[in-house]
Amino acid sequence: GQQVMQIPQYQHVQEGEDFTTYCNSSTTLSNIQWYKQRPGGHPVFLIQLVKSGEVKKQKRLTFQFGEAKKNSSLHITATQTTDVGTYFCAGPPYGGSQGNLIFGKGTKLSVKP
Amino acid sequence: DTEVTQTPKHLVMGMTNKKSLKCEQHMGHRAMYWYKQKAKKPPELMFVYSYEKLSINESVPSRFSPECPNSSLLNLHLHALQPEDSALYLCASSQWGKLGEGYTFGSGTRLTVV
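Line by line, the protein sequences are chains A and B. Position one of the first sequence corresponds to residue 12 (the working numbering), numbered consecutively onward. Position one of the second sequence corresponds to residue 605 (the working numbering), numbered consecutively onward.
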C-alpha cells in the first residue's frame, strides 16, 4: 500500500533560523496537502498543491510539489515560536479515491526563543 | 460557520460500555471522516462518508460502528472496546470533488478505555 515518509522526524531550531521538512510518497499522488498540529491540538489545513512542480508561498512558508508528484517540501524562513507544532503532509494516491487521504508521519518542530 | 464540532471532548469508558461520539458541521461539506490518532503518531483513516454513504472502511474492527444520519452529522458508536483503542478520535469534513480547500478537523474526542 501507499506509504508517505517525512524527514526529519524532529527538528529543534533557534528562533530566527530556517526550517525544512521533506515528504516522500511511494506512489504518485493526485495532490499533496500540508497540515499543522499544535501540541494538544488538532490538524489545521495549510495548503494544497496539485500541479507537478508547483510552488506556493504563504508569508514565511514556501511549499513545493515535485515534478514526479511523489515528493514535496515545506520551508519556513526565520522561524518564530508560533511555528511550534507537528507538520504533516498528506495525499490521496493518484487514481485512488480522493477520500483516502494518507498522512505522513510528521515532523515535530520546536523553536527555542 | 467554519467549524467541525465534536462531543464529548473527553470520554472514559469501560470495556463493556456502549458509547457514541458525535460530530457536526454546517459548512455544506458532503464528505465526512473519522480518524484515529495515537500519541506522537499521524492521524489514521478509519471511515469516509460521501453524500451520506459509507465509501471507505479501512478494515476497522466491528466494535467501531459509524453512522451518518444526515449531511451535517456523523456518529461513531463504540462497543466492547479494548484499552489499546484509547486514542484521540478526530472527525473531519471536506468538499467532495473540489480541490484546494483541504479537510477541516474538529478538536477531537480524547477516549480512554479502562
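If you're looking for bench data, these hints aren't it; they were derived computationally from the structure. This structure is a prediction, so every number in the text was calculated from the model and none was measured. Where hints are given, some of them may not hold.
As the list claims (entries may be wrong) - Capping the alpha-carbon separation at 20 Å, the derived lysine to any residue pairs in SDA-like fashion look like this:
1. B:Lys-640 - A:Pro-50
2. B:Lys-642 - A:Asp-29
3. A:Lys-47 - B:Leu-692
4. A:Lys-119 - B:Lys-644
5. B:Lys-644 - A:Asp-29
6. B:Lys-642 - A:Arg-49
7. B:Lys-644 - A:Met-16
8. B:Lys-644 - A:Gly-77
9. B:Lys-642 - A:Gly-52
10. B:Lys-613 - A:Val-95
11. B:Lys-642 - A:Gln-48
12. B:Lys-613 - A:Gly-51
13. B:Lys-640 - A:Lys-68
14. B:Lys-640 - A:Arg-71
15. B:Lys-645 - A:Lys-68
16. B:Lys-645 - A:Tyr-21
17. B:Lys-645 - A:Lys-123
18. A:Lys-116 - B:Leu-692
19. B:Lys-645 - A:Leu-57
20. A:Lys-116 - B:Lys-642
21. B:Lys-644 - A:Pro-19
22. B:Lys-645 - A:Asp-29
23. A:Lys-116 - B:Ala-691
24. B:Lys-645 - A:Arg-49
25. B:Lys-613 - A:Pro-19
26. A:Lys-67 - A:Gly-51
27. B:Lys-657 - A:Asn-111
28. B:Lys-644 - A:Gly-51
29. B:Lys-640 - A:Gly-110
30. A:Lys-68 - B:Lys-644
31. B:Lys-644 - A:Gly-110
32. B:Lys-644 - A:Phe-56
33. A:Lys-47 - B:Ser-711
So, going through the hints one by one against the coordinates:
1. B:Lys-640 - A:Pro-50: Measuring from Cα to Cα gives roughly 16 Å; hence the hint holds.
2. B:Lys-642 - A:Asp-29: violated (29 Å)
3. A:Lys-47 - B:Leu-692: Within the cut-off at roughly 16 Å; holds.
4. A:Lys-119 - B:Lys-644: holds (9 Å)
5. B:Lys-644 - A:Asp-29: violated (23 Å)
6. B:Lys-642 - A:Arg-49: holds (15 Å)
7. B:Lys-644 - A:Met-16: holds (15 Å)
8. B:Lys-644 - A:Gly-77: Given pair Lys-644 (chain B), Gly-77 (chain A) is violated - Cα atoms ~27 Å apart, limit 20 Å.
9. B:Lys-642 - A:Gly-52: holds (13 Å)
10. B:Lys-613 - A:Val-95: Distance ~23 Å between Lys-613 (chain B) and Val-95 (chain A) Cα, so the pair is violated.
11. B:Lys-642 - A:Gln-48: holds (13 Å)
12. B:Lys-613 - A:Gly-51: holds (12 Å)
13. B:Lys-640 - A:Lys-68: Roughly 30 Å between the alpha carbons, so the hint for Lys-640 (chain B) and Lys-68 (chain A) is violated.
14. B:Lys-640 - A:Arg-71: Given that 20 Å is the threshold and the Cα spacing comes to 31 Å, the pair is violated.
15. B:Lys-645 - A:Lys-68: violated (27 Å)
16. B:Lys-645 - A:Tyr-21: Roughly 13 Å separates the two Cα atoms, so the pair holds.
17. B:Lys-645 - A:Lys-123: violated (23 Å)
18. A:Lys-116 - B:Leu-692: Satisfied, since the Cα-Cα distance of roughly 16 Å is no more than 20 Å.
19. B:Lys-645 - A:Leu-57: Since the Cα atoms of Lys-645 (chain B) and Leu-57 (chain A) sit roughly 19 Å apart, the hinted pair holds (cutoff 20 Å).
20. A:Lys-116 - B:Lys-642: holds (12 Å)
21. B:Lys-644 - A:Pro-19: Between Lys-644 (chain B) and Pro-19 (chain A) the Cα gap is close to 14 Å, so the pair holds against 20 Å.
22. B:Lys-645 - A:Asp-29: Violated, at roughly 24 Å.
23. A:Lys-116 - B:Ala-691: Holds, because 16 Å separates the two Cα atoms, which is no more than 20 Å.
24. B:Lys-645 - A:Arg-49: holds (13 Å)
25. B:Lys-613 - A:Pro-19: With Cα atoms ~31 Å apart, Lys-613 (chain B) and Pro-19 (chain A) exceed 20 Å; violated.
26. A:Lys-67 - A:Gly-51: violated (28 Å)
27. B:Lys-657 - A:Asn-111: holds (15 Å)
28. B:Lys-644 - A:Gly-51: Holds, at roughly 11 Å.
29. B:Lys-640 - A:Gly-110: holds (15 Å)
30. A:Lys-68 - B:Lys-644: violated (28 Å)
31. B:Lys-644 - A:Gly-110: Cα-Cα ~23 Å, so violated.
32. B:Lys-644 - A:Phe-56: This hinted pair holds, its Cα atoms lying about 18 Å apart.
33. A:Lys-47 - B:Ser-711: holds (13 Å)
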